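Novice: Use these hints to put chains P, G and F onto chain R, whose structure you have.
One-letter residues, chain by chain:
Protein chains: 4
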Amino acid sequence: MADVVEYAPQAHQLAYTFGGRQPVLRVEPGTVMRIHTEDCFGGAVRTMGDLPSQVCRFPELNPVSGPFYVAGAEPGDTLALHLVSLTPARDWGVSSTFPHFGALTSTAQTATLQPPLEERVWRYDIDTAAGTVRYTARRSDYTVDLPLAPMLGTIGVAPAAGETRMTIVPDLHGGNMDTPELRAGTTLYLPVNVPGALFAVGDGHARQGDGEACGVAVETAMTVVLIPEVIKGIATPAPRLESDTALMCVGSARPLEDAYRTSHTGLVRWTTELTGLETLDAYQLVSQAGRSPVGNVCDPNYTILAVIDKAYLHGAAAYGGAHDRLRALAAHHDPGRG
Amino acid sequence: MADVVEYAPQAHQLAYTFGGRQPVLRVEPGTVMRIHTEDCFGGAVRTMGDLPSQVCRFPELNPVSGPFYVAGAEPGDTLALHLVSLTPARDWGVSSTFPHFGALTSTAQTATLQPPLEERVWRYDIDTAAGTVRYTARRSDYTVDLPLAPMLGTIGVAPAAGETRMTIVPDLHGGNMDTPELRAGTTLYLPVNVPGALFAVGDGHARQGDGEACGVAVETAMTVVLIPEVIKGIATPAPRLESDTALMCVGSARPLEDAYRTSHTGLVRWTTELTGLETLDAYQLVSQAGRSPVGNVCDPNYTILAVIDKAYLHGAAAYGGAHDRLRALAAHHDPGRG
Amino acid sequence: MADVVEYAPQAHQLAYTFGGRQPVLRVEPGTVMRIHTEDCFGGAVRTMGDLPSQVCRFPELNPVSGPFYVAGAEPGDTLALHLVSLTPARDWGVSSTFPHFGALTSTAQTATLQPPLEERVWRYDIDTAAGTVRYTARRSDYTVDLPLAPMLGTIGVAPAAGETRMTIVPDLHGGNMDTPELRAGTTLYLPVNVPGALFAVGDGHARQGDGEACGVAVETAMTVVLIPEVIKGIATPAPRLESDTALMCVGSARPLEDAYRTSHTGLVRWTTELTGLETLDAYQLVSQAGRSPVGNVCDPNYTILAVIDKAYLHGAAAYGGAHDRLRALAAHHDPGRG
Amino acid sequence: MADVVEYAPQAHQLAYTFGGRQPVLRVEPGTVMRIHTEDCFGGAVRTMGDLPSQVCRFPELNPVSGPFYVAGAEPGDTLALHLVSLTPARDWGVSSTFPHFGALTSTAQTATLQPPLEERVWRYDIDTAAGTVRYTARRSDYTVDLPLAPMLGTIGVAPAAGETRMTIVPDLHGGNMDTPELRAGTTLYLPVNVPGALFAVGDGHARQGDGEACGVAVETAMTVVLIPEVIKGIATPAPRLESDTALMCVGSARPLEDAYRTSHTGLVRWTTELTGLETLDAYQLVSQAGRSPVGNVCDPNYTILAVIDKAYLHGAAAYGGAHDRLRALAAHHDPGRG
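Chains as they are written, first to last, in the working numbering: chain R, 37 to 374; chain P, 37 to 374; chain G, 37 to 374; chain F, 37 to 374.
Since the hints were made in silico from the structure, they are not lab data.
Note that this is a predicted model, so its numbers are computed, not measured.
Among these hints, one or two may not hold up.
Because identical chains share one entry, a pair is satisfied inside a single copy or across any pair of copies.
[To be verified] When the alpha-carbon atoms are kept at most 20 Å apart in a straight line, the in silico EDC-like pairs for lysine to aspartate or glutamate are as follows:
(1) 268 - 360
(2) 346 - 217
(3) 346 - 360
(4) 346 - 177
(5) 268 - 110
(6) 346 - 181
(7) 346 - 280
(8) 346 - 314
(9) 268 - 309
(10) 346 - 309
(11) 268 - 64
Only chain R is shown next, with the shape it has when bound in the complex (with noise of 0.2 Å):
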């Protein structure tokens, strides 16, 4: 079995941004991660009395854990993140509505002159053994069990062009994507912008209904078991995930019709590559057999996915079979995976 590094940050090693900082740690590929995150509120918010607009101070939300140095990684090469598990690391979660964010009120960018919506916390209780995360409303008795449904909401890379982002940013370096899909078995492909990738993971969710509506998932502090390997020489346009069945690209942009267009366009060009499909052949491929699951709909940009399965790709391997290799190599680390 594979030796683990783990990494759990002190609360001033949180990082804010992509970007604009050392690394905490240099990292061989294949290396198996444990890493402890915060959650989106760095902790701060415990009850439902903790408000977040009051408990925590902007621009320090959203905390990551990194960056790590991917020994060998350079520019144009592709940065794979293996996901090996993802364990919720409290037995509580919490939830709140926040001033001006969210899907469903107006925010910074959909500026109105109404007051924000009232600021609340929920908090959750999160059952592993049972698989379970208890919604409890704030103004009546009900309670109700929803499956326990662990993902990162928050991984990326050093932005290109030399920009450092917030980490509350999705976009091309990845970070606050915010989808489901990055759960626990997949595999997340990221450009390679600088010497070293400089990746960074955050933003636990014990679960999260599609597009994030009030802007805040059941966020809780995680155990991230994960492995980082470097495609030599293979360059990646924007964030892709690969699950055992499907193929998946991750479209950030506003209004969400463009990230609709960018995933799509993306996974049409990719299954291009692995079919050797013309064109538009993929185009009415995906047309007909993709899938589109929602991101997030509150943050700077808005998160889509175009999703295939592998089965309607005769087979084709993508990025030379890292994933299955990956998964190998996590199954190795902990027979009771993979």
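Specialist: Just chains P, G and F now, with coordinates in the frame of chain R:
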């Protein structure tokens, strides 16, 4: 077993608008209707040489069968349409690109100076027994079988405010919503804007990817069995769907985030009505439990749904249990289903 | 001096749709018409206590006078409407906020869970002699005189494809474009979709800011003098305007950039036709010389214009010099103008 | 007459980001600065054969001169930059199409499967004495003189929250706003996010149409004379402009209606502060009196302004009369202006 009212339009009886037409038939609520629908090209695209822009004549696109007058339906009521079965009426379907139509091309609204993509037709084999539709590439010998998943692209009623809309448009009256959730076993709730509601149906798809990226699904003539019911005295503000397991609100708007906003505010309000949850409590529940399947990203309005599993609503019954009643009626009609 | 055909509708004759109605009058091309129009509230909002949502009854909003049948107009032709004069018919106008309508509030499409802004009416004094409208605050004693700048919010024809649209909607048939460029001295070109064109006019504004931010201008009854002309055999794809100095294309769409795109592709193509410039050369010229006044950012479609000064087009004459001919005709009719 | 601080960067000193760089110069508030700026292509496009995608190297586009450290500027203050004069530094300028960039083409965000428009360069003669720029078509012998109207496309400060943004991006820190209102005689107000503010300027345009439709104005090197001032203790949420006659709020966002919403809510709130008008009263005044010139519809965020004439604000003085003071200082510096 109930008597079945059958309707099969002749070519000259096809309708191209919602509103502005006399009913072709008057039916009592609870009637089992078997309706034959043409495909979106009026059956004119049969081979790969039949380019839609040449063989079809605007605005004679996307024909519907109807409208049907449902006895007793008055403005302010809700029309429930339970889809009992959807059966492709041919063993083939077609799809195509169409000049300046679709999500991955500039269009009449998203207008650019670029020439259109090549217009091209794909023909699919539909194997109802095997439950497949066969994709065949045009520029290579690539084929792949996709699951048959029949749905109706277009169902609607006469619009409010005396409007008449082309059948290509999805809006508050239903119309060309192009969502795969409109499948057999589903009940659609629509507002009644005029006496008799005047509903019509068409645009059968053997299957469709999320968003109908190229603007055209696997189009086929369809035999539709459905049951209309009138829910007196309850208004429905926008189209809603109910399956055995879920409740859904349909949003059709541009940009796509506005479709998300309208469908999700609709679902939050409906959840509030059904559960007694206070509004922000319902917002929170939908934010964590909601799903948001994409309908279309190509029509004059884009369509997205907000969905919640009934399991999370403590058994609340929408419209007084209309779906279950219709489900039972359908099973009675055809014991092999239900 | 030409005879003038006068039309003043009674309340029950006001129209609330384009399309779907019989003409109220048949006129010959070249006829000078004096048409009386009600304000967007049908005259029901006269004091600050008359809240529109209470004194108006949806969908009886934004009434127009007409439709008028123009002899000889056939589908494929262009209808030219030259605005000779616009004179407020009252010495007062009103504006208001309206629940969930306007640019700086959530709306039916940009739906949020926030309550609407307060509904409030402002009454303006119109001083035609001084050329002013007087703004008076409601919550303080602030007043200020703004220039009187009469315009028509709504002019349109029966839509194509058998559609009927509420008068509140701007689209290819014209409608509620709400652009200050629709002022006296301007010629509007519209497509003819049905025999007689069936044009109608209404929604006079004593003045309006760019975008009509709160959704309601300084609304007033208006006396409109105009001259219709038919331009045979020339189709117009979308509304266009011509003043003594400029040519303009109107784009109405959502999101607002699509209105920009449609108006500007329209102007590039029109420039190409008028000057012989190759397409990209015309694109370049419009990019440096074009202006883009905002019409409305509150109606079901948003409206923006693309404008180029005729001085930059080497004296090209649109529609065979129709504007100059109508200008001369108007001057003949009323030598004090022109 | 005041001393003038001069700055002319060498090629290797040009900056391509706001933030992330050390200042090139420290200046006292009130200093008259003469700054030389390169054009958006770094001067590399000089002939019609110099295609930007070939002679420029991403991300070295849109260079700015600076950043400059303004003594005494601290986070929470406002930086005022008064533009004294803008003088083209060459007697020629260039424009071009650029692959998948501009308003009338699909782009990286509004992604389609269509090939890009042809890349083409246009060269303009700038005649400062005559006050003209001469357009010359590439595919015919058409030429026309347009008014010289110098402006700066890009002015900004280091962003908040530790971000570093490419100079091509307009946002709350200013940046590539591309509005013709940034002309001589105007004062720009920007938030101070870091000590010294670290402002930089570039991207001179000999003129530009509204929206910069093709994505590239008449680009030229520019000699910029400006005066920085620090307004202590007053925060500015987003860029604002002041001319002798008007106040303006800048909104940069996607979709374009969000730029309208942010600029207009900003102007309503500013009006409220300056006049004591209650919020809805100010909304009403802006709705009738406001103008909304379009900046750009091509950059990563689109830009639109909300403008109100000071004449309608009863002589309210913004920022304690900063613009008038700077105007006087500029006149003192150069009595021929002012």
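Novice: Could you run down the list of hints and mark each one as holding or not?
Specialist: Each hint, compared with the structure:
no., hint, verdict
1, 268 - 360, "within (17 Å within a copy, 57 Å between copies)"
2, 346 - 217, "within (15 Å within a copy, 23 Å between copies)"
3, 346 - 360, "within (13 Å within a copy, 37 Å between copies)"
4, 346 - 177, "between (45 Å within a copy, 18 Å between copies)"
5, 268 - 110, "within (8 Å within a copy, 45 Å between copies)"
6, 346 - 181, "between (33 Å within a copy, 13 Å between copies)"
7, 346 - 280, "within (8 Å within a copy, 30 Å between copies)"
8, 346 - 314, "within (18 Å within a copy, 43 Å between copies)"
9, 268 - 309, "within (17 Å within a copy, 52 Å between copies)"
10, 346 - 309, "within (14 Å within a copy, 42 Å between copies)"
11, 268 - 64, "within (14 Å within a copy, 50 Å between copies)"
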